[in-house]
Amino acid sequence: MSSTIEVKNLAKVFRVPEKSPGLRGALSSLFFRKFREIWAVKELSFSIQKGELVGFLGANGAGKTTTLKMLSGLLHPTSGQVQVLGFTPHQRRIQFLKQISLVMGQRSQLWWEIPAQETLKLNKEIFELGDSEYQETLSELVEVLELQECLDIPVKRLSLGQRMKAELCAALLHRPSLLLLDEPTLGLDVVMQKKMRQFIREYNQRYRATILLTSHNMDDVVALCDRVIIIERGQMLYDGELNRVVERYAPHKLMTVDFQSVVDTERVAALGKIVSNGGSRMVLEIPRKEVSSVASRLLSQFPVVDLTITETPLDDVVRRIFTRTLEK
Amino acid sequence: MKKYFYVFSLSLQQAMQHRASLLMDRVRSVALLLSLYFLWSALMQNQDSFLGYSRTQMLSYVLCMNLLRAFVLSTHAWDMVGEISSGRISSYLLRPIRYFGFCLARDFSQKVVFLGSALLEVFLLLWCLRATVYFPGSWRSVFFFFVAVWGAFFMYFFLAFLVSSLAFWTSESAGPLFCFELLLQFTAGVFFPLDVLPPYVQGWLHVLPFPYLIYFPLSIYLEKLPLSSILHGFMMQGVWMVILGWVAAGVWRKGLRVYMAEGG
Chain A
16 MSSTIEVKNL AKVFRVPEKS PGLRGALSSL FFRKFREIWA VKELSFSIQK
66 GELVGFLGAN GAGKTTTLKM LSGLLHPTSG QVQVLGFTPH QRRIQFLKQI
116 SLVMGQRSQL WWEIPAQETL KLNKEIFELG DSEYQETLSE LVEVLELQEC
166 LDIPVKRLSL GQRMKAELCA ALLHRPSLLL LDEPTLGLDV VMQKKMRQFI
216 REYNQRYRAT ILLTSHNMDD VVALCDRVII IERGQMLYDG ELNRVVERYA
266 PHKLMTVDFQ SVVDTERVAA LGKIVSNGGS RMVLEIPRKE VSSVASRLLS
316 QFPVVDLTIT ETPLDDVVRR IFTRTLEK
Chain B
37 MKKYFYVFSL SLQQAMQHRA SLLMDRVRSV ALLLSLYFLW SALMQNQDSF
87 LGYSRTQMLS YVLCMNLLRA FVLSTHAWDM VGEISSGRIS SYLLRPIRYF
137 GFCLARDFSQ KVVFLGSALL EVFLLLWCLR ATVYFPGSWR SVFFFFVAVW
187 GAFFMYFFLA FLVSSLAFWT SESAGPLFCF ELLLQFTAGV FFPLDVLPPY
237 VQGWLHVLPF PYLIYFPLSI YLEKLPLSSI LHGFMMQGVW MVILGWVAAG
287 VWRKGLRVYM AEGG
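Protein sequence lines correspond, in order, to chains A and B.
Each number in this note's numbering corresponds to the 1-based position in the first sequence with 15 added.
Each number in this note's numbering corresponds to the 1-based position in the second sequence with 36 added.
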């Protein structure tokens, strides 16, 4: 089966000007400007099959958005190969552009001064959609995204959430078979976030669309993605099932213990690191291999009422990975 | 083609929304028109002709210059600079529309608005001052005039596109654009007909593309050029159109390679 996205040894280097601090630095940079090379993406390889919904994770500056921009053809790669839907993205062939959509939370394709419906009509012409096709998709999107009230109001008067929905509507009007979403729930309230997730899932299933999304909101990733790609400083750190991330990157499990009465903290601490201490309820962090032995010692040495063993929450694991990246 | 027409229509709608900006642009234009009109009127107060121009011809030069300036020299190039440096251009690059065509349609909408407004200004001025304007004696001159105006239209479009594309390399291309506009207005013949300059300066200027934007079409309209000079002018317009179009397309392609798609 041919892949929708095929990336091999992809790299992108940005050349950014360097300026020494202060007025002297400003003056010297006026005449002698120094540049520094930054590897935003380095030797990145992965492939994504048709219909997959993949989470693309990484700390700030890890290279996620740069990769999405290369996949959509906005940026020319410095080296490596990218094939998307059988096309080389940066050649920006009309047939390629008709099949993709990149939605960036902080970027708008809507015309600011005029109602969103005008941009939608413009997109109808740009993507050469037939009247019935346009009407059908539009009414479907308007209903699901609850946009009925927003379309005839100038875009600048819409709230962030309304604008985001209108943005998504404009991006999906041509029913792209590849959707690149950069922080799709950024700035939305909890209810709207949930609806947006539901919509993305439905869109993926209904049209067998391939979706690659970046998000700092782990709820998005947990709700939508079976597979995640984690990158660190532009390089691949992990590519696989979401469930396995915890196993691989969390060496501990969490043990929540309810005691009959308040117990000696020092004795409990000898068995494992106490993460939270509520008197008769404690949460311990126990190395995976020691879980059963610690559990039996707790049960035999303390008046235990209840004991639960859970995995470290995914967002904690990912946060740790990101923190480690930033500390490096 | 329909998509570009829709861009034209949306840009027209957007221009109507920016009423204050449109008004200020036109006030600036009327101020220039009035100053030039009164300057030339004062210079020609006690004489029938000055530097080879009759009173009517000079007045017509000033009035027609206002119309040509509105049609030929109006552009959205400043928007393009902002779109490149802020990364807003990405939203056009991601859709199946040619940015070149998009800009042409958007510029055309501004030209329509500006020309409509300039026509009104000129008619008002003519009515207020009870002035007479020069009309060409032959239809051939009118025809050549319109051909030259369209040539100037495309030359300027390519030129503005080229200068705006510099924003791919420098975020401060508003500076070059400002200098370019000032130099251009001077050398295109906005402030005065170029044949009042010393011959050697004229010789140099006529190698550049600028005189063919305003001065050349107006000289045809005022029937100050023999046929051979008109044909030479058309040839220069053609050569510059090809050169500017080719360089603009090349710079655009190179610009896309270094584009950083900032923001987002």
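None of these hints come from the bench; they were simulated from the model.
Heads up, some of the hints might be wrong.
Stated by the list, open to error - Non-contacting residues of chain A with respect to chain B, defined by C-beta distances greater than 10 Å in every case (computed): (1) HIS105; (2) ILE141; (3) ASP167.
As the list claims (entries may be wrong) - Computed list of lysine to aspartate or glutamate pairs in EDC-like fashion (alpha-carbon distance at most 20 Å, straight line): (4) B:LYS290 - B:ASP61; (5) A:LYS268 - A:GLU256; (6) A:LYS65 - A:GLU21; (7) B:LYS38 - A:GLU143; (8) B:LYS260 - B:GLU217; (9) B:LYS38 - A:GLU262; (10) A:LYS171 - B:GLU259; (11) B:LYS38 - A:ASP146; (12) B:LYS38 - A:GLU148; (13) A:LYS171 - B:GLU119; (14) A:LYS65 - A:ASP234; (15) A:LYS304 - A:GLU262; (16) A:LYS113 - A:GLU161; (17) B:LYS147 - B:ASP231; (18) A:LYS209 - A:ASP234.
Just so it is clear, CB atoms sit at the ideal spot from N, CA and C, and this is done for glycine as well.
Checked hints:
no. : hint                : verdict
1   : HIS105              : 8 Å, violated
2   : ILE141              : 5 Å, violated
3   : ASP167              : 13 Å, holds
4   : B:LYS290 - B:ASP61  : 33 Å, violated
5   : A:LYS268 - A:GLU256 : 19 Å, holds
6   : A:LYS65 - A:GLU21   : 11 Å, holds
7   : B:LYS38 - A:GLU143  : 9 Å, holds
8   : B:LYS260 - B:GLU217 : 26 Å, violated
9   : B:LYS38 - A:GLU262  : 55 Å, violated
10  : A:LYS171 - B:GLU259 : 51 Å, violated
11  : B:LYS38 - A:ASP146  : 14 Å, holds
12  : B:LYS38 - A:GLU148  : 17 Å, holds
13  : A:LYS171 - B:GLU119 : 18 Å, holds
14  : A:LYS65 - A:ASP234  : 24 Å, violated
15  : A:LYS304 - A:GLU262 : 12 Å, holds
16  : A:LYS113 - A:GLU161 : 25 Å, violated
17  : B:LYS147 - B:ASP231 : 27 Å, violated
18  : A:LYS209 - A:ASP234 : 9 Å, holds
When each numbered hint is compared with the structure, violations occur for hints 1, 2, 4, 8, 9, 10, 14, 16 and 17.
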